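Okay, here's what each chain looks like letter by letter:
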Amino acid sequence: MLQDIRSNAQGTIAKIIVVLLVLGLSMFGMDAMINGFSGEPTVATVNGKDVTERKFQRSVQMQRQRQLSQMETPDPSLLDEDRIRQTVMDSLIRQALLTQDAADQGFTLSARDVDGLITSMSQFQVDGQFSQEAFTSRVRQMGMGVTEFRQALRDQYRINQIRAGVMSSSFVTPESARYVLQLQSQTRNFQTLAIDQSRVVDTVSVTEDDIQTYYDNNPDAFKQPERVDVAWLTLSVEALAENVEVSDDALQDRYEQRLSELEGQQQRRAAHILIESGENAEDTLQEVQSKLENGEDFGALAREYSDDPLSAEKGGDLGFAGRGVYEPAFEDALYDLEKGEISEPVETRFGYHLIRLDAVREADKPSFDALRPELKKQIAREKAGRLFSEKRSRLADVAYAEPNLTVPAEELGLEIQTRDGISREGGDAPFDHQGLVRQLYSDDVLNGDFNTEVIEVSDGRAVVARVREHHPGKTLALDAVRDQIETTLRQREIAEALSEEARNVIERLRGGEAPETVAADLGIEWRRHEGVGRSASEPSRRVVSQAFRMPRPDQGQTFDWTGGQQQAVIIGLQSVQSGSVEGSESSLSSIRRFLSAQSGQQAYAAYVEQLREKAEIERN
Amino acid sequence: MQSEEEQIATIKNWWKRNGTSLLLGVGLALALVFGWQAWQQHQAEQMSAAGSQYQQLLTAATKQQPTDKDAETIRYVAEALRNDFADTPYAVYGTLILAGHQVTEQGKPEAAADSLKWALSRAESGPLKLLVRQRLAQAQFAAEQPDAALATLNEAGETGAFTALYAELEGDILRAQGNAEEAREAYKRASEAASGPTASPMLQLKMADMAIPEDA
Numbered sequence: 001m002l003q004d005i006r007s008n009a010q011g012t013i014a015k016i017i018v019v020l021l022v023l024g025l026s027m028f029g030m031d032a033m034i035n036g037f038s039g040e041p042t043v044a045t046v047n048g049k050d051v052t053e054r055k056f057q058r059s060v061q062m063q064r065q066r067q068l069s070q071m072e073t074p075d076p077s078l079l080d081e082d083r084i085r086q087t088v089m090d091s092l093i094r095q096a097l098l099t100q101d102a103a104d105q106g107f108t109l110s111a112r113d114v115d116g117l118i119t120s121m122s123q124f125q126v127d128g129q130f131s132q133e134a135f136t137s138r139v140r141q142m143g144m145g146v147t148e149f150r151q152a153l154r155d156q157y158r159i160n161q162i163r164a165g166v167m168s169s170s171f172v173t174p175e176s177a178r179y180v181l182q183l184q185s186q187t188r189n190f191q192t193l194a195i196d197q198s199r200v201v202d203t204v205s206v207t208e209d210d211i212q213t214y215y216d217n218n219p220d221a222f223k224q225p226e227r228v229d230v231a232w233l234t235l236s237v238e239a240l241a242e243n244v245e246v247s248d249d250a251l252q253d254r255y256e257q258r259l260s261e262l263e264g265q266q267q268r269r270a271a272h273i274l275i276e277s278g279e280n281a282e283d284t285l286q287e288v289q290s291k292l293e294n295g296e297d298f299g300a301l302a303r304e305y306s307d308d309p310l311s312a313e314k315g316g317d318l319g320f321a322g323r324g325v326y327e328p329a330f331e332d333a334l335y336d337l338e339k340g341e342i343s344e345p346v347e348t349r350f351g352y353h354l355i356r357l358d359a360v361r362e363a364d365k366p367s368f369d370a371l372r373p374e375l376k377k378q379i380a381r382e383k384a385g386r387l388f389s390e391k392r393s394r395l396a397d398v399a400y401a402e403p404n405l406t407v408p409a410e411e412l413g414l415e416i417q418t419r420d421g422i423s424r425e426g427g428d429a430p431f432d433h434q435g436l437v438r439q440l441y442s443d444d445v446l447n448g449d450f451n452t453e454v455i456e457v458s459d460g461r462a463v464v465a466r467v468r469e470h471h472p473g474k475t476l477a478l479d480a481v482r483d484q485i486e487t488t489l490r491q492r493e494i495a496e497a498l499s500e501e502a503r504n505v506i507e508r509l510r511g512g513e514a515p516e517t518v519a520a521d522l523g524i525e526w527r528r529h530e531g532v533g534r535s536a537s538e539p540s541r542r543v544v545s546q547a548f549r550m551p552r553p554d555q556g557q558t559f560d561w562t563g564g565q566q567q568a569v570i571i572g573l574q575s576v577q578s579g580s581v582e583g584s585e586s587s588l589s590s591i592r593r594f595l596s597a598q599s600g601q602q603a604y605a606a607y608v609e610q611l612r613e614k615a616e617i618e619r620n
Numbered sequence: 001m002q003s004e005e006e007q008i009a010t011i012k013n014w015w016k017r018n019g020t021s022l023l024l025g026v027g028l029a030l031a032l033v034f035g036w037q038a039w040q041q042h043q044a045e046q047m048s049a050a051g052s053q054y055q056q057l058l059t060a061a062t063k064q065q066p067t068d069k070d071a072e073t074i075r076y077v078a079e080a081l082r083n084d085f086a087d088t089p090y091a092v093y094g095t096l097i098l099a100g101h102q103v104t105e106q107g108k109p110e111a112a113a114d115s116l117k118w119a120l121s122r123a124e125s126g127p128l129k130l131l132v133r134q135r136l137a138q139a140q141f142a143a144e145q146p147d148a149a150l151a152t153l154n155e156a157g158e159t160g161a162f163t164a165l166y167a168e169l170e171g172d173i174l175r176a177q178g179n180a181e182e183a184r185e186a187y188k189r190a191s192e193a194a195s196g197p198t199a200s201p202m203l204q205l206k207m208a209d210m211a212i213p214e215d216a
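From first to last, the protein sequence lines stand for chains A and B.
Residues 1 to 620, numbered by the UniProt record's numbering, are exactly what the first sequence covers, in order.
Residues 1 to 216, numbered by the UniProt record's numbering, are exactly what the second sequence covers, in order.
Among the clues, some could well be false.
[Unchecked claim] Taking lysine-lysine pairs in the DSBU-like style, the calculated list, with each CA pair at most 35 Å apart, reads:
no.	chain 1	residue 1	chain 2	residue 2
1	B	69	B	16
2	B	12	B	69
3	A	391	A	376
4	A	614	B	188
5	B	129	A	15
6	B	129	A	49
7	A	15	B	69
[Said to hold, decoys possible] Facing chain B, according to a computed beta carbon distance under 8 Å, are these residues of chain A, among others:
no.	residue
8	114
9	135
10	159
11	163
12	164
13	373
14	540
15	553
16	554
17	555
18	557
[As the list claims (entries may be wrong)] Just so you have them, the derived chain A footprint on chain B, three or more residues with Cβ under 8 Å:
no.	stretch
19	44-50
20	164-174
Calculated directly from the structure, the hints in this document are not laboratory data.
As the structure is a prediction and not an experimental result, all values here were calculated from the model.
Glycine included, every Cβ here is placed at the ideal spot set by N, Cα and C.
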């Protein structure tokens, strides 16, 4: 063997091999050749390309985070893990398909293009400039490496180029738009003949045999769902707060703190004269200042000189404002002034200001007694909040260790509450919390004599529960459901009798008997409905939509009927009026936009579906 | 065993016989590699240029309220893509967008049909080709060439996930031709094929108008 290679090494074959190797390396790169054999675990294969376990897990993690962040009170026990995994799997497969498709078609994006995209994205910019640090840290937050992010960006961009191309190029012909608009604004004239259930009600009868048969044939309909009787403890910040002692000292401290906060809310009314910075600013400023010293009116000078036109009109008045409204230099000057005093020139980015303090408005200072209940509640809740976390972990420990709720209840001074008949669907609070109900029906709690975990069912309210008794689902006895079955069967027979009657009438009408004669035989009258629109709700939605499904009459009328339990309605369609399209240019163009957007979406959906149908997808 | 001199002599001999061809081989390989890379580089630059033009086109085409300048951009860039980058996928997609613009904004369905014929000849098989073909039939229908439009649809062969779209358009054309019976058949086929995201609410409206029962 070795001998063979040595002798061949001098031959042409070896040279060809070397050339091929070099070519391969340069075309596909080292990475591809190594990765091809890396053997990372995969969850699916799309057209021979792997979706790796690592990517799948990370996407699942991200999806969980996203769902949690959308909840009011994030609670992992509420997540439907199977659903999440399914969704993520589907979306990764779709992603892989679309990525391959973009690459197959030759959509490319050079490294430089990717750089350009990244540097132009606002989330990677600080003060309008791309920042490498911001970029790296944001990418890390997404749980990706930089290379991986660039690849993902590139893939997404190319997919979007195709999607946008398919969707934005869609159009509808003017003719189609006109047709749809005509259909939508079409009206119809028809008459109706209502056969009431009272006509047939005496003819139906439900026998004991019928009931028995129905009961035997539909066992699922009479199953009573599985239920549990439960006991639970509630630990809440609210309840804890009621028993928290609040000392007078603490109240007094809090009151004073509140007062000092209110002080900061003092408002001051200022007037100013603004001189914009510029060549003559200093001169103008001195002129105004000397006029002020000579006792000229501030308001008049503001009207004459101020470069702030809005306030100038009002003699410089700026109205009341609290702290944090004006620029710091302006604010400092304003708060140093006595009432009526005028400041030295203050420079801000607008120019120079001469400021006068006109009035000071203090925030209302409530009395201690008036604030007392509110402050007490506030302090108690804060203390209870700290107490709550301590007690909750204590409760978790005890409830985990004990096969009952009595001990935890005594230990934490809580009251055991009970309720019967909680189904898997849950019930009133706290069992409207899906996570709690799911735990109740978990094997450990249902059969294992364990308590549930301590679950925070809402903010500041934690519950631990256990099952007192488990009632498996059972089938109700015939006696318990006889009335219910009888009603069902009666209604069904009435509906049948009505439709029988209606079909007879239709047959006579289609056979050419005069509508009036038929109506007279039944002792009822036709009612006319004219110019009824497609979305009308009179005489009823059901009748209208049936009338719009009927074929147009060539001559005379076409007949059909629609029925329910109360009555069957015979419809005689007399004429169809095409909606007018004239003079409705704007609705025509808006319907065109709508239809074209819709057909774009439809086309892209078909595009993706076609890729999926043609792909080889394996789920491991 | 050979002595050292003998070995050296053997090597020298071997080199004499094979040296030139070996050097030639290596040289050739290197030339191939660099040539290949240069070609790839050129190709990438072309694609990158075409891609950024296409992006411009998209931006103009997706504006809520396109101006005359946007219309000019669409025409100009689509033309440029078709002339300078005919081998890139961007040319086909660019032409699709141009065709939509020609029908909707310019009211020139004939021109759109010409554009789409070119795109159809360029499109790779697969969903893109099916899409282009459906659009071509639509443009032909708008240009009052219903027979050509039907022929275009029928030439597609297997329509896969596009079946509902094809059948609905076929129904529209047949109905406009006054062929109610076949139009009904076509709408029925569309309704059978349509499900989930590809279902069209307008199809139901049309079917009701043609008095086709919903469960058909």
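Hints, one by one, checked against the model:
{"no.": "1", "hint": "69/B / 16/B", "verdict": "violated (71 Å)"}
{"no.": "2", "hint": "12/B / 69/B", "verdict": "violated (74 Å)"}
{"no.": "3", "hint": "391/A / 376/A", "verdict": "holds (21 Å)"}
{"no.": "4", "hint": "614/A / 188/B", "verdict": "holds (25 Å)"}
{"no.": "5", "hint": "129/B / 15/A", "verdict": "violated (43 Å)"}
{"no.": "6", "hint": "129/B / 49/A", "verdict": "holds (24 Å)"}
{"no.": "7", "hint": "15/A / 69/B", "verdict": "violated (59 Å)"}
{"no.": "8", "hint": "114", "verdict": "violated (10 Å)"}
{"no.": "9", "hint": "135", "verdict": "violated (22 Å)"}
{"no.": "10", "hint": "159", "verdict": "violated (13 Å)"}
{"no.": "11", "hint": "163", "verdict": "violated (10 Å)"}
{"no.": "12", "hint": "164", "verdict": "holds (5 Å)"}
{"no.": "13", "hint": "373", "verdict": "violated (55 Å)"}
{"no.": "14", "hint": "540", "verdict": "violated (17 Å)"}
{"no.": "15", "hint": "553", "verdict": "violated (11 Å)"}
{"no.": "16", "hint": "554", "verdict": "violated (12 Å)"}
{"no.": "17", "hint": "555", "verdict": "violated (16 Å)"}
{"no.": "18", "hint": "557", "verdict": "violated (14 Å)"}
{"no.": "19", "hint": "44-50", "verdict": "holds (count 4)"}
{"no.": "20", "hint": "164-174", "verdict": "holds (count 3)"}
When each numbered hint is compared with the structure, violations occur for hints 1, 2, 5, 7, 8, 9, 10, 11, 13, 14, 15, 16, 17, 18.
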